[in-house]
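Starting from the known structure of chain A, arrange chain B on it as the hints suggest.
Listed below are the residues making up each chain.
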Amino acid sequence: MAAESRNQGVTVHVSEDGLQASLCLRPGIDLEVLTRQFLLEVLQAREISLSERTEHEVDALIERYRLSPDEQIEAVVAEGHAPEHGIDGRLELTQTLREAIEAAALPEPTADGPGDDEQPEAVDYYNQSAFLIVDAGQSIGQVIEPTRGVDGVDVRGRILAAKDGKALDIKPDDTIRTTQEGVLEAEVGGLLSMEGARIRILQELKIPGSVDFSTGNIRFPGRVEIAKGVKDRFSVVATGTIEVRDLVEAAQIESSMDIILHKGMAGRDRGKMVAGRDVQAKYLEGVTALIGRDLVIEKDVASSTVRVGGSCRSPNAQFVGGSLLVAGACQVGVLGSDGESQMEVRLGRLPEIERLAGRGLELLDLLHKGALNARREFEQMTQAAARLSAAQAERMTELQFELETAERHAGPLEKALADLALLMRESTRTELEVIRRLHAGVEVHLGLWIARIRHDVKGPIRIDLDDEGNPRVADLNGSSSQPLAGLAEINPDEEAIELTRLLSEACDQQSDSSGRAEAA
Amino acid sequence: MRIMLVDDSKTMRSIQKSVLSTLGFKQIEEACDGQDALSKVGAFKPELLLVDWNMPNMDGLSFVKAYRQQDKGTPIIMVTTESEKSRVVEAIKAGVNNYVVKPFTPDMLGKRIQETLAAKTSA
Chain A
457 MAAESRNQGV
467 TVHVSEDGLQ
477 ASLCLRPGID
487 LEVLTRQFLL
497 EVLQAREISL
507 SERTEHEVDA
517 LIERYRLSPD
527 EQIEAVVAEG
537 HAPEHGIDGR
547 LELTQTLREA
557 IEAAALPEPT
567 ADGPGDDEQP
577 EAVDYYNQSA
587 FLIVDAGQSI
597 GQVIEPTRGV
607 DGVDVRGRIL
617 AAKDGKALDI
627 KPDDTIRTTQ
637 EGVLEAEVGG
647 LLSMEGARIR
657 ILQELKIPGS
667 VDFSTGNIRF
677 PGRVEIAKGV
687 KDRFSVVATG
697 TIEVRDLVEA
707 AQIESSMDII
717 LHKGMAGRDR
727 GKMVAGRDVQ
737 AKYLEGVTAL
747 IGRDLVIEKD
757 VASSTVRVGG
767 SCRSPNAQFV
777 GGSLLVAGAC
787 QVGVLGSDGE
797 SQMEVRLGRL
807 PEIERLAGRG
817 LELLDLLHKG
827 ALNARREFEQ
837 MTQAAARLSA
847 AQAERMTELQ
857 FELETAERHA
867 GPLEKALADL
877 ALLMRESTRT
887 ELEVIRRLHA
897 GVEVHLGLWI
907 ARIRHDVKGP
917 IRIDLDDEGN
927 PRVADLNGSS
937 SQPLAGLAEI
947 NPDEEAIELT
957 RLLSEACDQQ
967 SDSSGRAEAA
Chain B
13 MRIMLVDDSK
23 TMRSIQKSVL
33 STLGFKQIEE
43 ACDGQDALSK
53 VGAFKPELLL
63 VDWNMPNMDG
73 LSFVKAYRQQ
83 DKGTPIIMVT
93 TESEKSRVVE
103 AIKAGVNNYV
113 VKPFTPDMLG
123 KRIQETLAAK
133 TSA
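These protein sequence lines map, in sequence, to chains A and B. For what it's worth, our numbering labels the leading residue of the first sequence as 457, then goes sequentially. For what it's worth, our numbering labels the leading residue of the second sequence as 13, then goes sequentially.
Okay, chain B solo, but in the shape it has when bound:
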């Protein structure tokens, strides 16, 4: 399964990549912000995206809105902080399928990913 990680922090991307690797996912593409991600989705065709909220150039919400114009089906998990939690509804309206709040444990992230994929399969 092809998964795209969109986050301006290399460390966060490494953590997420490590969790995904433990779950058996090896085809990972990384993007450092929304703009970078939009330039890569066409060629990579991800089947799941993990998107950070706060990013330079194009933040997570703007990216989700732009991405949903070309793809309505691919599941997106938003990675938020506690302060952004109130805006989660806005994100869901934009097309996000699930979210995880920082700080999160690797276990928690793994659970969210599995929940999201299971929901997609049953749909």
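Extracted from the complex, chain A is given alone in its bound form:
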């Protein structure tokens, strides 16, 4: 209740917070007594601080009362000002992160698909990430320092103390740096974690469920562990290893390191997998897989296109349909199936390197042809005219320039091709071990040959090349080997022959050039 004092019909109200004092004049006050001085004394008696404004308000009040002395009149005659408490320090996240947080809060689509009539049409639910992922060097936010409070004063002139803002209690670890301007920046890429005062970046992302509409596509600069699976049409791209505990559907999985699938991938011809290093999986079905290093399959690979940059070590697995290309040694349980389903196996191949080599050879061929034509024309002109016209002299200068340019570029290109040929020889191995059964219909590309298996062969067997480069097969339980022609229809692999020949030529030319250079 407001404090009051009565003095001949005059009441002073002071608000509870002490910030306002008002005068109330009741009807019946003697107008001769009602003077400014009188009212100010009443206020002073209540310890109200007087100011010019107070005097002005009092005068106005008296004036109003005189006009309507039969009415009760009240007015605020003095005001204090409230204390302004300081603002606590805070971390103001960047716009990008704020938007990411808002976006992550969007409602998920229903089981029938994304969006209903009320949802904005442009929402891309696949790319709506539920995680705050930052890149190395990315700004996280600005530390805003606390502000000091400003004291207030009440109508009695007493100080109303203000509180200063509290400093931000934030503890970034060494994954986050603070600039001189107070900006927090990520030292590393990863998941931004803010737990109370602790702020850090985790380089491992653990997803407790599946990768689906609740998480959006995942793009993470670190290791990813998925407790369940990955749903159709979603993608997981990570610089670190990706480990998935449950089924991967027709999705895209890409890692610069390893991919570990505790179950497998049912790609239905749309699944894609790219691993910088190794892949381990129980099974793959309808998957296109590009594996930088080694492949280990527990059960089977069906109707998939698999390229392995290292070796395939799957002695219990069955490979059926599709194609398997392995640069290093290949060990499988069963190849092909009953019914002679189409299955292609290419051993000792590095298709990307071969493609590069092919392009290099085309370029070298162009250079040589150009140089040959230039040389011919130059010689003809030299022989034909004793005295050259200005135009002829100019043309001969052009030809000499063409020759010199071709020679300048051909040398390094020949060297590069020779290096590629060496790399291919050293990085590949033509060896296939089939532990249980090799079915008829399987086509094996090895060396300069294509071998189409004529009838089922019981394992364990090894297929490779003898010292002359001819395909042979050996029973791993026995000691001898025999020509593969006994089990398979053997034909030359024209593509491999051509590439090998051209690379050999390039190597020979490079040796000649080096020899000439040394002799010189």
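Hints are computed from structural coordinates only; laboratory data are not their basis. Ideal placement from N, C-alpha and C gives every residue a C-beta, glycine not left out. Treat the hints with caution; some may be incorrect.
Cross-link-like lysine-lysine pairs, in silico, BS3-like; alpha carbons within 27 Å at most [what the hints assert, rightly or not]:
| hint | chain 1 | residue 1 | chain 2 | residue 2 |
| --- | --- | --- | --- | --- |
| 1 | A | K825 | B | K132 |
| 2 | A | K825 | B | K22 |
| 3 | A | K687 | A | K719 |
| 4 | B | K29 | B | K132 |
| 5 | B | K132 | B | K105 |
| 6 | A | K684 | A | K627 |
Facing chain B, a subset of chain A residues (Cβ under 7 Å, in silico) [as the list claims (entries may be wrong)]:
| hint | residue |
| --- | --- |
| 7 | F669 |
| 8 | S797 |
| 9 | Q798 |
| 10 | A846 |
| 11 | A849 |
| 12 | E850 |
| 13 | M852 |
| 14 | E854 |
| 15 | E860 |
Computed far set for chain B versus chain A, every beta-carbon distance over 10 Å [as the list claims (entries may be wrong)]:
| hint | residue |
| --- | --- |
| 16 | R14 |
| 17 | K38 |
| 18 | D45 |
| 19 | V53 |
| 20 | L60 |
| 21 | M70 |
| 22 | R80 |
| 23 | Q82 |
| 24 | V101 |
| 25 | A106 |
| 26 | V113 |
| 27 | D119 |
| 28 | K123 |
| 29 | Q126 |
| 30 | T128 |
| 31 | L129 |
This is chain B only, laid out in the frame that chain A set:
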């Protein structure tokens, strides 16, 4: 170093530019004849010129004579054919510092340029 190539043949200019680039010279201006070159030398201020002899509008010799009226110091290399070789003395009198005869190899052109620049430096 700023070098101007004066030649009506774009191919020849490309060859010379390529040789100059190999020698480390990147600031190149091209002109297609003597008139074109005279209109550009004021703004470009070349430090070396390679000038072809036979050009339409204004040939190489006429250009050298006109250019030497405003600049006596900048070295000029004349690019000639065997038939013009007898007139080389005339060109030297006009103010040419060196010459190279077509057909020339890129190496030969490079040598002439280096000789000319070395001579300028020692002078």
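For each hint, the structure was consulted:
no., hint, result
1, K825(A) <-> K132(B), "violated, 42 Å"
2, K825(A) <-> K22(B), "holds, 24 Å"
3, K687(A) <-> K719(A), "holds, 14 Å"
4, K29(B) <-> K132(B), "holds, 21 Å"
5, K132(B) <-> K105(B), "holds, 17 Å"
6, K684(A) <-> K627(A), "violated, 33 Å"
7, F669, "violated, 56 Å"
8, S797, "violated, 58 Å"
9, Q798, "violated, 53 Å"
10, A846, "holds, 5 Å"
11, A849, "holds, 4 Å"
12, E850, "holds, 6 Å"
13, M852, "holds, 3 Å"
14, E854, "holds, 6 Å"
15, E860, "holds, 5 Å"
16, R14, "holds, 23 Å"
17, K38, "holds, 19 Å"
18, D45, "holds, 15 Å"
19, V53, "holds, 24 Å"
20, L60, "holds, 19 Å"
21, M70, "holds, 17 Å"
22, R80, "holds, 24 Å"
23, Q82, "holds, 28 Å"
24, V101, "holds, 19 Å"
25, A106, "holds, 19 Å"
26, V113, "violated, 8 Å"
27, D119, "violated, 8 Å"
28, K123, "holds, 14 Å"
29, Q126, "holds, 17 Å"
30, T128, "holds, 18 Å"
31, L129, "holds, 21 Å"
The structure is inconsistent with the numbered hints 1, 6, 7, 8, 9, 26, 27, although it conforms to all the rest.
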